[in-house]
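Residue numbers (my numbering), protein chains in the order written: chain Y, 1 to 546; chain Z, 1001 to 1186.
What the hints contain is simulated information worked out from the structure, not anything from laboratory work. The structure displayed is predicted, hence computed values, not measured ones. Glycine is no exception: its CB is placed at the ideal position from the N, C-alpha and C atoms. You can trust all of the hints, since none of them are fake.
Partner residues aside, some chain Z positions facing chain Y, computed with beta carbon under 10 Å:
| # | residue |
| --- | --- |
| 1 | F1042 |
| 2 | E1046 |
| 3 | T1166 |
| 4 | I1168 |
| 5 | K1172 |
Simulated restraints on C-beta separations:
| # | chain 1 | residue 1 | chain 2 | residue 2 | range |
| --- | --- | --- | --- | --- | --- |
| 6 | Z | D1017 | Y | R381 | 49 to 57 Å |
| 7 | Y | A27 | Z | R1030 | 38 to 46 Å |
| 8 | Z | R1087 | Y | V522 | 46 to 54 Å |
| 9 | Z | P1133 | Y | L463 | 43 to 51 Å |
| 10 | Y | M501 | Z | R1087 | 33 to 41 Å |
| 11 | Y | D203 | Z | R1058 | 53 to 61 Å |
| 12 | Y | D55 | Z | D1017 | 31 to 39 Å |
| 13 | Z | R1012 | Y | G15 | 26 to 34 Å |
| 14 | Y | D55 | Z | N1162 | 27 to 35 Å |
Sample of chain Z residues facing chain Y (criterion: CB under 10 Å; computed from the structure):
| # | residue |
| --- | --- |
| 15 | G1034 |
| 16 | H1038 |
| 17 | V1043 |
| 18 | R1122 |
| 19 | G1123 |
| 20 | V1125 |
| 21 | R1126 |
| 22 | V1129 |
| 23 | E1151 |
| 24 | R1161 |
| 25 | K1173 |
| 26 | L1175 |
| 27 | R1176 |
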Amino acid sequence: MSCFPEFTYSVFVDGEATAEEARQVEAHLDVCPACRSLVESLRAENRLLGDVLQDVEEAPAAAAGPVTPIGPRDVLWTGLAVLGTAAALQAALDWLSGAQLPSALSWLNPFSVTVQWNLFFTSLFYFIQEGAAMLLSNVVTVSAMVFTLLFGLGGLYLLRRRLSAVTVLAALTLALGLALPASALETRKGGNVTVAGDETIDDTLLVHADTLRIDGTVTGNVIAFGHRIEVNGTVGGDLICFAGTTLVTGTVQGNIFAFAESVEVRGRVERSLHAFASMTRLEPSADIRGDMVAFTSHATAEGTVGRDLYAFAGLVDVRGDIGRNVVARVGRLNLLAPAKVSGNLTARVKKEKNVQIDPGATVAGKTDIRLAPAEASQYLRPRFYLEKVLGLAVIFLLGLFLLWLFPAFRSARVPGGVELVKTAGVGFLALVAPPVAALLLFIIMIGIGVLTGAVLIATLIPLLITVLWLLTLYFSKVLVGLAIGQAIAKAPAEQAARVAMPLLVGLVIIYILISLPIVGHVLNFLVWLVGLGIGVLHAWRRPQPA
Amino acid sequence: MEGGTLDAVVKRACAGDDDAFAELYRQFRRRVFGLCQHFLGFVAAEDASSEVFLRAKRAMSSYDSALPFQRWVLSIAAHHCVDQLRRRRVEQRLFDPGAVEDAEPAGAEPSPLGALLTAEERGAVRAAVESLPERLRLPLVLRYYSELSYEQIAATLGLKRNHVATLIFRGKKELRRALARKEPVQ
Chain Y
1 MSCFPEFTYS
11 VFVDGEATAE
21 EARQVEAHLD
31 VCPACRSLVE
41 SLRAENRLLG
51 DVLQDVEEAP
61 AAAAGPVTPI
71 GPRDVLWTGL
81 AVLGTAAALQ
91 AALDWLSGAQ
101 LPSALSWLNP
111 FSVTVQWNLF
121 FTSLFYFIQE
131 GAAMLLSNVV
141 TVSAMVFTLL
151 FGLGGLYLLR
161 RRLSAVTVLA
171 ALTLALGLAL
181 PASALETRKG
191 GNVTVAGDET
201 IDDTLLVHAD
211 TLRIDGTVTG
221 NVIAFGHRIE
231 VNGTVGGDLI
241 CFAGTTLVTG
251 TVQGNIFAFA
261 ESVEVRGRVE
271 RSLHAFASMT
281 RLEPSADIRG
291 DMVAFTSHAT
301 AEGTVGRDLY
311 AFAGLVDVRG
321 DIGRNVVARV
331 GRLNLLAPAK
341 VSGNLTARVK
351 KEKNVQIDPG
361 ATVAGKTDIR
371 LAPAEASQYL
381 RPRFYLEKVL
391 GLAVIFLLGL
401 FLLWLFPAFR
411 SARVPGGVEL
421 VKTAGVGFLA
431 LVAPPVAALL
441 LFIIMIGIGV
451 LTGAVLIATL
461 IPLLITVLWL
471 LTLYFSKVLV
481 GLAIGQAIAK
491 APAEQAARVA
501 MPLLVGLVII
511 YILISLPIVG
521 HVLNFLVWLV
531 GLGIGVLHAW
541 RRPQPA
Chain Z
1001 MEGGTLDAVV
1011 KRACAGDDDA
1021 FAELYRQFRR
1031 RVFGLCQHFL
1041 GFVAAEDASS
1051 EVFLRAKRAM
1061 SSYDSALPFQ
1071 RWVLSIAAHH
1081 CVDQLRRRRV
1091 EQRLFDPGAV
1101 EDAEPAGAEP
1111 SPLGALLTAE
1121 ERGAVRAAVE
1131 SLPERLRLPL
1141 VLRYYSELSY
1151 EQIAATLGLK
1161 RNHVATLIFR
1171 GKKELRRALA
1181 RKEPVQ
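Bound conformation, chain Z alone (with noise of 0.2 Å):
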């Protein structure tokens, strides 16, 4: 949809217009549960990507359409899928400051990633960022998935911006060592 006609439907959406927020939900509901199933798993990503647009739809008043609207309701799935994390959790912390500090292994690093095209291949690429721990994969789907810039993702995940740039850094570069462990790639 080009983007007058979204901005018109936005628009009628904050207005309390309830086909126009159908008419969001119907374009946005692929992205947020994507988000979703990469932070919570298949199951849980369709009870999450519902309460994102139960969040979104009472939010709608007060979106400042500054912000591109798929950033936006990114942002608000981001933040919900943190809280089911946390909660989730018996140690309300996702992120442990100290673990920054862990030191790389020495010894030949596996380069980037270069273009995969097989099925085969990007079906290993994925299960490779799901197994990644959750404080390098959060980072990683926030910036490639969300594509929230370092300053939103750290907002997000209540982190330094320096940190999440490191994160990302080292994510990436787990997710070259955990492929190159399962099979040599160019």
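Chain Y extracted, bound-state conformation (with noise of 0.2 Å):
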């Protein structure tokens, strides 16, 4: 009998072959030592296979305590618990501080909010003042590439992950959708721009120009940027203006989002002021319906403002009538006669000495002046270590819930010399470029949202952004806690699993270090750069599938 192909011996020692034909190949094989010695290779082969195919990276799920596999139910039942409890822990903390919200948040954010304030207005107008003859295009040739790079990440994604057409036209469609409204707008440019008295504009409005004068009507929003920006005639809807200077003494029907060094208001709004500014100021004429928000170093309210005045600001001074409550938390508040508040006034302050109220001033309802605590004895105090423990516990328990969730950083490590300098590098990037990305997004977005009227959905993204960064920063503790701990008690990469106890001891030693005075907020940044370099490099570093 001549010999069998191979692939009969191939499904016969699969044991595959059928009966007969086994009992045909068992023939042969009793008289060709050439076909036996095939068929022991044959075997020799897959049991070859079977064994290197045992070789799998080892599950990095769970495998301390009891064991229940995980579905996208449970991730949303956890996230929703591990939400819940850090909310009352969060609350804990509330109370602890004497319901003073800011401060009790202010382990989460080592800079004040006073700085950071100061930090944004000063990028904002060295964008205005650098970059104002320039910045309408810039902000068109910035969404070209922000679009591009995004289409591109896109791409790079589905290649790596092979997702269906279905996203790939859905994201085509969305960006259609976005571009589009681009057109239905009037846009004017130049150094000089005016709305003369007789004219009107039935449209949205975009100006970039070193100064815009309104004069006439415009029915439909402004967009505006430039140095100066003076509305004396009406604005059908919202006025949105990035500018040196914002002067209203006509009306704005709609409301006002003022990005600007001084605003200055003597007309009157429909809707609300919102004011980011260094200075805002309402003139005794000014009539403002709804609310006025102020994140301001200097507010002054002459006029009238119909609902409630929030101040965020150094120094606040009223004078007009406030229809409602007054919130301030501020540095210093002056109620000026004949200053007249409906509803209470809430102040936050650091002295009591710091809010004046004339006696010719009143306030209907109550008078509430709470006092931040002093910073300077926050190591004397016992609540401070209560904070500390109690933000500790918050951190870990979050942590635990995040390497579960992705149990791949697990095995992050602290990288040593030049790959550290270089994780930090990186760490450095991730720390600048999302809220860059975000502010840049937003006024992207905010135009868009303008022309689409869905101001509110368009911000969501960048708000998105923006939050996901500051988890980040917040999880970067995890990470660097983690391997801290595991260094300490030289875990190899195999024990990864095993994550609570490193993961407590490196964060206690992270808490305390951040805690020391002047040292502590470097020590706090470095933990920040290497963290989020490890975090990056990992996610990045991780095989993906082909």
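With the hints as a guide, bring both chains together as one complex.
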């Protein structure tokens, strides 16, 4: 009998030959040493394959404790539970610090709000003053770049993950949908742009100019970039401006969103005024029907505010008529005659004497002045340590949750030498890029949102980026803490499943270090850099499916 | 764990005992994870194996003890992974029926792979398996990792049994060629 083809032997060795076939093959093998040897080597090959295929990377799921498989619903519920726990702990923190949210939150963020606002305004005014002449074209260029980048990254992602065509179509549709409204817009550019008194623009007006003067009427929204923006006529929609000086003597029938060095209102605003400015001023003739919200260093309210006045400011002078409450988180608050507050006055200041209420000024409701805790002696207060311990507990629990959700991060290590510098470099990029991207995206999306009438929805993405970025910053401590703890325990990477103890040890060390006076902030910054770097590199270097 | 005890655990799990199912999870998650990793890669394997156990838990009451538990859970895993792979594709077909008729390249064929022992060589074989096209890799993994029969593989991948036999044979040949290209394998 002649030899069978190798295919037959392969099936035979797999035990899949029919009884008749198997009988014939066996009979042949009895008389053919060459085929016997082939069959032997095929068996060896199968064993080898079976053996080699067993070499898989260890499943990183939780090995200790009661193990239940994790499904999307579990993740949702656990997420809610963790959020609930965190909220409860946060509430405990609030209660501890006398229901003073910002000071309780300060362990999240070592920079004070004031410093951040200063940074924000400084960079904003740098953009406005240095780049007013090219800001608009920059916005266009940058948005093109951002979209290209997004498409590039999206394409890369699709290549790596092979998502369905639906995703691609959805992305394209969305992009087209976002791009289309750009044509429904009146744009004006130049040194001095004026909308004359007898002129009416029946559209949204986008202006980029050194100075803009609206004496006539714009029925839509006005989005303006410039040194000086003056509204003497009427704006039918919202006024959104990024400017050195913004002056409103006419009427704005919508809201004002002003990012400016100084904002001054003498006329009427049918809805609310939101001012992000160094100086915000309501002249006696000003009439704001809605709220006045001022993030500013100096706010003066001499006119009328129909509803609430919220001020986050260094100094607030109120001489006017406030229809409802005044809520001020300020360095100093002066309620000067003939000020009239029809609701409550709530002020958070450092010292009692920083609130001055003239005898001629009236507050119809309750006056509640709360003192921010003195900062200097924080190391002497037991509450400080209690807060740190609670903060530690929260980040420990959230960290465990994070590592449970993303077990890949369990094997994170702090690299040494040059690698550490590289990691910190990557971390620096991850620290700087998202807020810049969020700010640019915010400007772009506000524009798109105004055009499509969906400002709130449009700002969601930049907001999400910011929130994610803050969360990532927060969790950078977890990665560094875990790495430090595991380095101390000298735990090899294979035992990465046991994370609780090393994480706790590492976090305690980090918390002690960053609570040190002065150097603590620097160390905290370094922890951010290294933690972000580890996180980004670790996420990037994980093998992807081919 | 000896067979009797495993049977008992499986029975309890069938009756809805969560602890028993957790025990099964502990015992078999490495194998399931391994299969998912061979199919989908490391990153996706974790989610996939969780999903497989969720499905297994739901299907526990319909488990037929005639089939060994490992094979049962691995076949769930294989089905799930094939679904995932299909979802990743724009065209919803993993296997092109025309592809079987590809001509075998002529010339001297490398002989079956011998016993390789060093870690490096094992790594090379694994890399070669990973580099195989899906239609050759999946049957190999299902046969030699999951130890499914040709019939079961055919059912999982939606193929004819003969086609599976051919793919496995061709997969092994392709593997030998890939390794021979890298370095001479004894």
